[in-house]
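Novice: Single-letter residue listing:
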Amino acid sequence: MDSKELNSPGYDVPPELQGQVAITTLDRIYNWGRAASVWPMMFGLACCAIEMICTAASRFDTARFGMEIMRPSPRQSDLMIVSGTVTKKMIPIIVRLYNQMPEPKYVLAMGACASGGGPFKEGYNVVPGVDRFIPVDVYIPGCPPTPQALLNGLIKLQEKIKGQSIKGARWYTKGPDEVEIPIPILGPDLIDPRKIDQIKQISKTAKKAEAQP
Amino acid sequence: MTTPAPTQTLDLAARFPGSVTPDEREGYDGWIVAKEKLISFAQVVRDEFGYDYLSSLTGVDYLPEGKMEVVYHVYKTTGGPGLIFKVQVPRQDPIEVPSLMPVYPGADLQEREAWDLLGIKFIGHPDLRRVLMWEGFEGHPLRKDWQEAFFEEEAKPFKSRWPDGQFTMAEDRTPLGDNVAFPAGFDPKKARFDPETALYESLRQYDKEETGLETDHMLVNMGPHHPSTHGVFRMAVILDGETIVSLKPVMGYLHRNHEKIGERNTFLMNMPYTDRLDYLSSMSNNFGYALTVEKLMGVKPPERAEYIRVIMAELTRIANHVWAIGFLLNDLGAYFTPMLYGVEERELILDIFEAVSGSRMMCNYFRFGGVARDLPEGTLEKIHGIAFDRLPRKIDELERLLAENEIVRTRSIGQGVLSAEDAIRYSAAGPLLRASGIPYDVRRAEPYGIYDRFEFDVAVRYNGDIYDRMMIRFDEVRQSIRIIQQAVKDLPGGPITAMKPVYQVRVPAGEAYGRVEGPKGELGYYVISTGKSTPWRYHIRAPSFINLTAFGPMCTGLKIADVVGVLGSIDIVLGEVDR
Amino acid sequence: MDDMYGKGILKGLGVTLKHFWETYLDDAVWLVRRVTKGERRYLSLEGVAHRSSKDARGIFTVQYPEEKLLIPEEFRYIPFLVYDEGPNGEKTMRCTSCGICSRVCPPQCIWIVRSADPATGRPIPDPFEFQIDADVCMNCGLCAEYCPFDAIKMDHDYEMASTSRTVFNKEQLAKPASYYEAIRPINAAQENAARAAKEAARAAAE
Ligand code: SF4
Ligand code: SF4
Ligand code: SF4
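Residue numbers (my numbering), protein chains in the order written: chain A, 72 to 284; chain B, 787 to 1365; chain C, 3 to 208.
Hints are computed from structural coordinates only; laboratory data are not their basis.
Pairs of lysine-lysine residues, derived as DSSO-like cross-links and limited to a Cα-Cα distance of at most 30 angstroms, are as follows:
1. B/K823 to B/K930
2. B/K975 to A/K275
3. C/K70 to A/K227
4. B/K1180 to C/K13
5. C/K56 to B/K1168
Make the full structure from the sequences, and use the hints.
Specialist: This is how it looks when you write it as structure tokens:
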């Protein structure tokens, strides 16, 4: 957001004061600050992570968007770029990392794999899209999305951030301030704790079906 | 390309009468060894015939014949063709084969993989745990009668796509809407899950020193989310203070079931999938796969295609090595500067890839019998400019930046040493092997494509430490530049493919093992065709994965901070480790 | 460490210093070019081309979205379907729903419903529905390579971030032949020539 946009909150500024004072709304300045300093988590999963690193490197340079500070710790990051194939073995860790990120937090699914399973979707160790477990804000198709496509997604995310309001923000409303997602369990296959009852039901009926030939 | 030693020249059957027979199936080669004699056979092969290097070990499930087979490919580090031998056992659990760990310690991770994915028990393996899936996972997924939740059909193309391709998400076809399936009668509330205990137990098996002091060792997990692990790799470490007493690599966090999907794909469909193995060097991966299938099909690419292939493979090596050097320095604490310099050169090479193949990373450029398309206009000049003008300059500059830096030298010289004997024993490959003083390079040891025409030296260094592994990458980049310069000069005109482009190639039945010298080391493909449209077995000998066999032994006794550097100097890519 | 401790570090720092100055040096060079030839270093095609060439020195950044990298003709992202425009603006899909693309697609993300003639029930060469799951597609380009009718081609548009999963249907995939000729002029010209030659051969045979 350039300063002109930032300073036009929709109020009439008397001509004699124009250029002298700046008026903005709290939302705008707050969102402007947030959108221009999104710190991604240093977190690479697969091939897409290489393109993410290239995006952060000198040719594309996320520093121009205030995003160059990749934090290895989830506690210090605002954005999780899920850059690659999400496997069943990895998803408990991803969910845990997501839970540990402080609000406001965003998730960007980079590439076909993170968005919807990707070319390896049919595999036995692959989660068909990270949105099965954690809420995703921006999806970028492509395999891998080129660095410019990723930047396009990041700009989209900035737009989303700018459209939010302090009043309606999830993390300022009353009630539990964190969205804790139950961590999946590695059993005989991946167990989503939110679906335990269903799993039990289904494996019971499966047994019945087996019993009567 | 491998041409296994003709069976007649070595009369191993006479040596082991009754228990070793030549493999006489159509299109197959090598020896079938009775499992009782396996270890003594391997000993003879290693000690008397000099096949000291175990390249690949994998299992094959011959479901219709009711047999399980383990296939071994061994080579001599002095060069020359390899030797194949196999063990066949009935396909009834428990499937048991003696472990070759006592003869070839490099079998460690590969046997664990065969156990994990095929359920072959290797008797005598000291630490036979699952390696790619987690402990407690139900079933052995590479068996032909094992099906995943999203299973559609045995072979692609699926019938549901055309002519009546009503779009459905795979998720909508499973009862839970997820890619999961559970054994009948499974009760998630009562079951106990414990994927880690076995790991920690095996980790604690090390020789304890009795100091008489009341000290305790500490268990630390690094990764899978850790900035130094280059992806989702995990190390479980036991520390005595800051010194490592035991380290186990833990992988599988990016296991994408390449081989299972690959056995469902048609031969051509696997080409873009190979891009995603070692995603930093897709051209090399294409190369290996194309060579292997061409060997089965018996086609030879035309001259121009051969030259283009070499140029692309060597550009890939350069791109990979500058990246690896940059990241090694990043791991050693130099933060981003060397990496950014490396990435700049890589970007320029990626521009060339993008121009010829359409994608920066996932090139999908090789076809059986040639390459997908000719070099577009202007690309050759670009390659010329980079190879003759820019890269030699820039590599010198990068070396000036790093090679003499006292901090780099103190942190890397003498650290993480791998001796020459150990490097061979653990089946290390590529720069890791050559930095330990073994001048073994598939391009020279068993030239494939047209590598026998180029003049280049096999880079070799002798100390086997982190510093040598960094410097050998500079040496290799220089040799690659030399090769590219020769290839660009000699590039002939003519067609770029030997066959009419067809999407359904006919591959005669048989087996083939093709290997190339990838940037990370010897990359091998073991493909079995039964004459159908899909391969029966599609196995990848991943250099990153097998190089990790030596990782634990290399790190024992080091400080924890140096482990990061050792890992960086091996240069792994998780897509290839986990496949 | 032999002669002077710190010499290696200083040497390395020299390299980084050189990199730093090269940007400003090149700025000066470009200033001259700007005055003499009117070429600008930033926000211009020649500037981006220079920064992607072997002579690039100093600053390397391409300032997306203001500047964009030059896209080579072969670049591929998600596929699209080509239709020919008639003189009155009617659209004819080139696709004959022969199904080859869906058979060759490695992750099997192309779904085609063939239309049938309502009277005879026989298939007619026009897809009733054509869907591509962009979140499965691996951008491999095999569909475009093996389509015998030049009907499916790889797009250059990579700016497709969205806030939901992406599955494209026939309407979203369809793009005019003129667009195709604009993004891939050389390929399109070759294919058009080949098609014209084939038609001519057929006409001659009849
Ligand atoms: S979307 Fe493609 S490039 Fe990205 S992680 Fe998946 S397979 Fe790799
Ligand atoms: S796009 Fe081409 S290959 Fe696919 S169905 Fe249509 S005509 Fe056939
Ligand atoms: S580009 Fe490849 S994956 Fe995508 S639709 Fe075409 S064939 Fe399928």
